[in-house]
Structure formats: structure tokens, C-alpha cells
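From first to last, the protein sequence lines stand for chains B and U.
Heads up, the first sequence is in my numbering, so the first residue is 19 and it goes up one at a time.
Heads up, the second sequence is in my numbering, so the first residue is 10 and it goes up one at a time.
Any given hint could be a false lead.
List time: in silico DSS-like cross-link candidates among lysine-lysine, alpha-carbon distance up to 30 Å [what the hints assert, rightly or not]:
{"hint": "1", "chain 1": "U", "residue 1": "K344", "chain 2": "B", "residue 2": "K160"}
{"hint": "2", "chain 1": "U", "residue 1": "K344", "chain 2": "U", "residue 2": "K314"}
{"hint": "3", "chain 1": "B", "residue 1": "K96", "chain 2": "U", "residue 2": "K157"}
{"hint": "4", "chain 1": "B", "residue 1": "K32", "chain 2": "U", "residue 2": "K266"}
{"hint": "5", "chain 1": "B", "residue 1": "K231", "chain 2": "U", "residue 2": "K267"}
{"hint": "6", "chain 1": "U", "residue 1": "K288", "chain 2": "B", "residue 2": "K160"}
{"hint": "7", "chain 1": "B", "residue 1": "K32", "chain 2": "U", "residue 2": "K178"}
{"hint": "8", "chain 1": "U", "residue 1": "K288", "chain 2": "B", "residue 2": "K129"}
{"hint": "9", "chain 1": "B", "residue 1": "K129", "chain 2": "U", "residue 2": "K125"}
{"hint": "10", "chain 1": "B", "residue 1": "K96", "chain 2": "U", "residue 2": "K201"}
{"hint": "11", "chain 1": "B", "residue 1": "K160", "chain 2": "U", "residue 2": "K267"}
{"hint": "12", "chain 1": "B", "residue 1": "K96", "chain 2": "U", "residue 2": "K288"}
{"hint": "13", "chain 1": "U", "residue 1": "K267", "chain 2": "B", "residue 2": "K32"}
{"hint": "14", "chain 1": "U", "residue 1": "K344", "chain 2": "B", "residue 2": "K32"}
{"hint": "15", "chain 1": "B", "residue 1": "K160", "chain 2": "U", "residue 2": "K266"}
{"hint": "16", "chain 1": "B", "residue 1": "K231", "chain 2": "U", "residue 2": "K266"}
{"hint": "17", "chain 1": "U", "residue 1": "K266", "chain 2": "B", "residue 2": "K96"}
{"hint": "18", "chain 1": "U", "residue 1": "K281", "chain 2": "B", "residue 2": "K160"}
{"hint": "19", "chain 1": "U", "residue 1": "K125", "chain 2": "U", "residue 2": "K157"}
So, partial list: chain B residues that the calculated Cβ filter (under 7 Å) puts toward chain U [what the hints assert, rightly or not]:
{"hint": "20", "residue": "T70"}
{"hint": "21", "residue": "R92"}
{"hint": "22", "residue": "K95"}
{"hint": "23", "residue": "K96"}
{"hint": "24", "residue": "L97"}
{"hint": "25", "residue": "S104"}
{"hint": "26", "residue": "A106"}
{"hint": "27", "residue": "F119"}
{"hint": "28", "residue": "L123"}
{"hint": "29", "residue": "H124"}
{"hint": "30", "residue": "G128"}
Worth flagging that the hints you see were computed from the coordinates, not collected in a lab.
Where a beta carbon is used, it is the ideal one built from N, C-alpha and C, also for glycine.
Read off the chains here:
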Amino acid sequence: MGETILRVENLRKKYDSAEAVRGISFAVEAGGFFGLLGPNGAGKTTTIGMLTGWVEPTGGRVEIRGMDLWARPREAKKLIGLVPQSFAFYPSLSARENLSFFGRLHGIRGKALEERMALVLGIVSLTDRADQIVDTFSNGMKRRLNIAIGLLHEPAVLILDEPTVGIDAQTRSAILESLKKLNLGGMTVLYTTHYIEEAQDLCDRVAIMDRGKIIALDTPRALIHSLGKGIIRMEFHEALDEALLGQIATYGSLTRVDGQKKRLHLETDQTGLVLKELLNIKENREALFKSLDVMEPDLETVFIHLTGRDLRD
Amino acid sequence: MYPILAILVKEGKILTRDRQALAILFAMPVFFILVMSFSMEGVFEAGSRARPMEIAVINRDRGLLSREIIAVLKGVEGVVLVEAVNGTPLTLERAEELVRGGSYPLALLIPEGFSKEILNFDHHGAEKATVSFIHDPGTNIRILGGIKGTIQGVILRRTLLAALPGRLKKTLAGARGAFSPPGFLPSQGQEKEFDALLAKAILEKDNGPEIAFLSRSPRGQATGRMPSATEQNVPAYTIFGVFFIVLTLASSFIQEKKEGTFQRILAAPLSKLSLLAGKLLPYYLVNLLQIALMFAVVVFFFDMKLGNLPALVLVSLALALAANGLGLLVASLGKTEAQVNGLSVFLAITLGALGGMMVPAYIMPGFLKTLSLFTPHAWALAGYQDVIVRGLGVPQVLPEAGILLVFAGSFFVLALARFRFR
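All chains should be built: construct the whole structure from the sequences, respecting the hints.
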């Protein structure tokens, strides 16, 4: 067991009418890559806000390397690097000017600041654009600068809130590669996303959040192994008769049947066998089937299994 | 046609969703019309039958002529003469106090022995009878000019009429025997000479008493000279300009909220108070530079006298603080850029108008005059006028600077209680 660098205990946030985060607890080990996975509105951004001193919790505790964030904010915040979901910098300044400003906020000055700026600009491949006004940057470049600012003061924990939203595949892949390298270099990363592949590919531990709660927490492999089942999604041109519905139900568990009985989700441990049976039915009643697709067990099917909903619902 | 309709409906929905911005959009012109109409009424109607100007009168003369002048002035439209307050006849000291306090824009002093000087004029080199106008140096010259002219006209006409018999008597006595047949009246062919003699009797300077009109400030605020129009107007323009920082400052806060930079800054090891202080300080300095530039321009181009510099700096420091406080308050009240923009412009114009930036507060109707005291603009203007046109120093502007600091403090307290970084 490594050192616990971030510990969250029974963290809650209640706004006027709604409880955005309802008592979540988890711990992140030094050097870990921890993912918070959940649909939009699950409470991930509010959680990030509470982990970085931006949103005051209604209850609970956040400890960074044993220091209570809300009791000793100055010391604790030195250990955190934040990459918010929005482009949180000044578009009328150059990349270098932005970095210099945020570096100074963290008390970095002079030669040390120059060196750090050069290093992070290199990490995000913006060295040759350092003196360009940020407003002229593409979305991908802005995302990279957003990350560079978070890295500038060598934080012990880098907290990223959906850092790949709204960018092209190439930039996304470059960003993910950079994050992997940083993590391999020893930096602890806490990462929120609603992209399954990112969470599976990057994270050594994942907490699945839904409606303000953590509904599952483990390594992606363990989650998929224990909770992930294959899901076969079917759509029909007309409502299924009771006989056929009953027959399909014998192949697994029907987790979703719409009111018109035209859409079904069937969960099974044996997707191959069940698919064969279904294709037999399809052969006889070709006109009935509109679509049929198979989801192999992954974090998405884990989420569907736990909530009955898609991550992107 | 359909796409236009769709865009129209969409815009309508968006507009009506931001109700605060919409309210400002409608309230601003209504309020502006009310304030400007009420106050501008003062400019165009000051000294008219609808809005007569009250003038304090101290008549130290016991003669017939001054009584007659006052009687005629009482009949002049647009002028109300006040000879007594609460049943007590005005003394010079009391009248000066009232002018100094802004109760009356002008006091008229008729000196002791005035009637006698005019009616019994009989020697060369006699001293001029001096009538004094006492008014605050800050009072608008244009508005005062018309009233002073009317009063001077009445005094000169009545004086000339009163002195006429004496003038004629003196001239004709000198001409005794000049006309043929001997007597006062000219014979045929002598009318021209006689007319010239009469004109000389009436118009010749040395033939009758002379009147001097003196304008001065009440004692205790005399600058030794009357201010120029530039000196009177520049403080108001300066204050008006200073409060436009509200828009720049509040918009910048909204921008930071929108961009998410506050979140990132507050993830760094610094307090919210440090963030606010760092954020406000540049705007405060900009305000001070703005004031310095405006005054430098008028000194350079119009040779304006700024008066006591430490006092000017003191008022400027307090004024900029009040403007910044108001900026933060607007930032704490507005949630969208539209709201902040609307509210800033609304406040800049209406507070400016109420505070006497466009129309002097002393010619506003009573309720607006009272309302103007609840604007920082009015106090800043009083402070600047104390320094620039009344020639006062630091101790005398402490009350104005103090009240501006109270405004600033109240704005900051209210703003901090409401301000959200998100």
C-alpha cells in the first residue's frame, strides 16, 4: 500500500433545493490514476470544486497528504493542480503571460518560473506558440494550455475535470498520452470523465458516480469482472407479442423494456450463445427486427447494470 | 419568412428570460426621463414665473429709493425677494451663512446711505454707491448672470429716474441765459443745442451719482476671484467620467466568472480577500490616473487653477474609492453581462444627473435636491468645488471626503455580503 495522498470522507454538498453530492468517500494513493466516472449531472464537477477549495462542502472532510483542506487551505492547495472543465485563463494574454501569472500566484518567480514555464510548454507541445495571444489558439491548443497551467507548480495531485471535452481525436490522444507519461513519472492524477474508454484506458481505480453518490469503486478490471455483463440491445419494427418476449426473457435478464415493447435490453453472461439464439429468431422473422447490437462487458455495461440507464442518458 | 419568425421568437424568449436586464432596459429610460426632466426644468425655468429664484435681500439703507427698488423688484416675474427668515430680518452675516449653506443662490446687499448718495449727489469725485451681490462661487455663472442683469437693470433705471431732477436742475442752472430770449426754454432755432444740453444732463458721467455693482463670495469661502466657467464645470465632468469605471470593473468580474478563472485562482494558495484586493487595486489606480489626466488637460489648455493640491488629492482618493465600491456592488448584483452593463449605465447616468453633474442641484426641485444628497456624486462635487472654486483646504473638505468614504464603505460592505465568485 502506498501513501494516501487524497482522502475524502462523507463529503456532501447541498444547494437550496437539491443535494448535488450525497456523502461520498474515497482515497487516492500517491502515484495513482483515479477516475471519477459518471454521466453529466452526477456531481463530479461539484466534487472537484470541493476538492480544490472552490465549493464549500455542506459536510464531510477532504484531506490532502493528511492536511484538512478547509482547515489549512494555504498549505493544502499548494499540493493541488487544477485543470477545470472551462478554459480558465485570459484569452487576451499570451500563453507565456498566462503561465507567468498563475505561476506567481503559486509563489514561483524568476529563473524557477522561467524553467517551469519552459518545461510545461514542452509537455503540452506549445513551446513555439508561447508568445501567441491565446485568443487565436484552436480549441485543442487551449485545452493543452489549460493543462499546462495546472502542472506549472509541480502539484502532488493533478485534478482534471473532463479535460478532453470538445476536442478532436488527435489532440485528445495527445493529451491522454501526456497524462499517462506524467503519471508514470510519479504524479498522482484524479480525473473526471464520462468517456468510458478514457476511464478504462487510463485509470487504475475508478469510482462510478450517479446522482451525487459513488455507486461502485474498484479497479476497472474488477468492476467489469464482478458487475459487467454483456448487453444485447434490440429494437423492433412492431410491438413484441407475449410469447416471443417470454422466450427472449429466458436467455438472460431483461433490464429494459419500453412501454410499446419495441425496445429491449437483455443482460447476459454468455453473449455469444444468446446472440446465436437471437439470430435464429431473426432469420425466421426478418421483418420484425429493426436493429440488434451487442455490448461486451465494460464500464458502460457496469453502469447500466447498476443504474438501468446509459451513461449518456 | 419562417426562419425570420423563428429567430424572432428565439430572441424574444432569450430576452424575456433575463428579466433583470429587461427591467433595467425599461426602467433606465423612464427613470432617466424623470430625473432629467425634473432637473433640466430648473435650467430652463430658473428665474421664471413657474420656478422663481429666491434672493436674500439685506437693505441697510433707510431711504426712499432703496424701498422703491425693492418694491419694483418684488413685482419682477421669476424673482422672490426674501427680507426676513422666520420673522427675523436678514442681517449680512445671516444672509452670507444662508448663501454659504446653499439655501439661497444669491444675496443682494444695499448699503447704508444708498438713497442719500443718489438723491443728494452734488459734488464731483463723490464715491460710487456700491450694491453688492453675494453668491457662492460654485453657483452656475450662466444662471446667475440673467438674474443679476435683471436686478442691475431695475436698480439703474430707478436710480436714473430718481437722480433725474437733480441732474436737470444742475445742468440747466449752468445754462441760465444761454438761450434767447433768456430763460430755461429755447427759442426757435435753438432746439438742437437744448436737446444736447438735456442729453448731457442725463448721460454725463460726472453730472450724477454713479453706481458700482460688486460680486463677491460669502466671507469664509472667498477665493479672491470668481471662478471661470471651466473651473465650475470640470469637477462635474470629472466625477461623471470617474463613475464609468463601474461598468469596466463590474464587466471584468462577470468575465472572470464566465471564463472560470476565479475557480483556478482560488485553487491557488491565496484568500478571497487577496483576490478581491488584487482585482480592485488596478481599477482604483486607473481612476486616480483618469482624474489626474482630466485635471492636467484643463490646467494645460485652460490655465485652470486647481486650488489646494492636498485637499484635491484627498477628495480624489475618496471619490475613486466610492466609484470602485459601486463597481463591486454592481458586480455582486448582476448575474449576466447584460444585467451588469444595463445597471452600470443606468447608475452612471441617473446618479450623475441626480448628483448635479448635468444640472446644479440647487436649481432642482426640493425632493430631487434632497435625493441628490444620497449620491456620492453630489458630495464629490461639493468637495471639488470647495477646493477649486472656493479655495478651501484639507480641513474644510474633510466632511465631504468623510461622506465619500462612508459611501465607499457601505458599497463594499453590501457588495461583499452579496458577492459570489461563481
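Going through the hints against the structure:
Proximity of U:K344 to B:K160 is assessed by CA-CA distance (about 26 Å); at most 30 Å being required, the pair is judged to hold. Distance restraint check for U:K344 and U:K314: the Cα-Cα separation of roughly 44 Å exceeds the 30 Å cut-off, and the hinted pair is therefore not satisfied. Using a Cα cut-off of 30 Å, the hinted pair B:K96 and U:K157 is violated, with the two alpha carbons roughly 72 Å apart. Between B:K32 and U:K266, the direct Cα distance comes to roughly 21 Å. Compliance with the 30 Å bound is thereby established for this hinted pair.
Proximity of B:K231 to U:K267 is assessed by CA-CA distance (about 28 Å); at most 30 Å being required, the pair is judged to hold. The hinted pair formed by U:K288 and B:K160 meets the criterion: a straight-line CA distance of about 24 Å does not exceed 30 Å. With a C-alpha separation of about 101 Å, the suggested pairing of B:K32 with U:K178 is violated against the 30 Å cut-off. Restraint check for U:K288 and B:K129: the C-alpha separation of about 26 Å stays at or below 30 Å, so the hint holds.
Between B:K129 and U:K125 the CA atoms are separated by roughly 90 Å; this puts the pair beyond 30 Å, and the hint is violated. About 106 Å separates the Cα atoms of B:K96 and U:K201, which puts this hinted pair outside 30 Å; it is violated. Note on B:K160 and U:K267: the hinted pairing holds, with a Cα-Cα distance of about 16 Å set against a maximum of 30 Å. About 21 Å separates the Cα atoms of B:K96 and U:K288, which keeps this hinted pair within 30 Å; it holds.
About 22 Å separates the Cα atoms of U:K267 and B:K32, which keeps this hinted pair within 30 Å; it holds. Between U:K344 and B:K32 the CA atoms are separated by roughly 21 Å; this keeps the pair inside 30 Å, and the hint holds. Distance check on the hinted pair: B:K160 and U:K266 sit about 18 Å apart at the alpha-carbon level, within 30 Å; holds. About 27 Å separates the Cα atoms of B:K231 and U:K266, which keeps this hinted pair within 30 Å; it holds.
In summary, the hint linking U:K266 to B:K96 is supported, as the alpha carbons are separated by about 22 Å, within the 30 Å threshold. For the hint linking U:K281 to B:K160, the alpha-carbon distance of about 26 Å falls within 30 Å, and the restraint holds. Of the supplied pair hints, the one linking U:K125 and U:K157 holds, its CA atoms being roughly 23 Å apart against a limit of 30 Å. About 4 Å separates the beta-carbon of B:T70 from the nearest beta-carbon of chain U, less than 7 Å, and the hint is met.
For B:R92, the shortest C-beta to C-beta distance to chain U is roughly 4 Å, which falls under 7 Å, so the interface hint holds. Nearest Cβ of chain U to the Cβ of B:K95: about 4 Å, under the 7 Å cut. The hint holds. Hint on B:K96 holds. Least Cβ distance to chain U is approximately 5 Å, under the 7 Å limit. Because the smallest distance between the Cβ of B:L97 and any Cβ of chain U comes to about 10 Å, over 7 Å, the interface hint for this residue is violated.
Proximity of B:S104 to chain U holds as hinted, the smallest CB-CB distance being about 4 Å (cut-off 7 Å). The restraint placing B:A106 at the interface with chain U holds, with a minimum CB-CB distance near 4 Å, inside the 7 Å limit. This hint is violated: B:F119 has a C-beta 9 Å from the nearest C-beta of chain U, more than the 7 Å allowed. For B:L123, the interface hint holds, since its Cβ comes within 7 Å of a Cβ in chain U; the closest pair sits about 4 Å apart.
For the restraint placing B:H124 at the interface with chain U, the shortest Cβ-Cβ distance is roughly 5 Å, inside the 7 Å limit, so the hint holds. Contact between B:G128 and chain U, as hinted, is not supported at the beta carbon level, the nearest pair being about 18 Å apart and thus beyond 7 Å.
When each numbered hint is compared with the structure, violations occur for hints 2, 3, 7, 9, 10, 24, 27 and 30.
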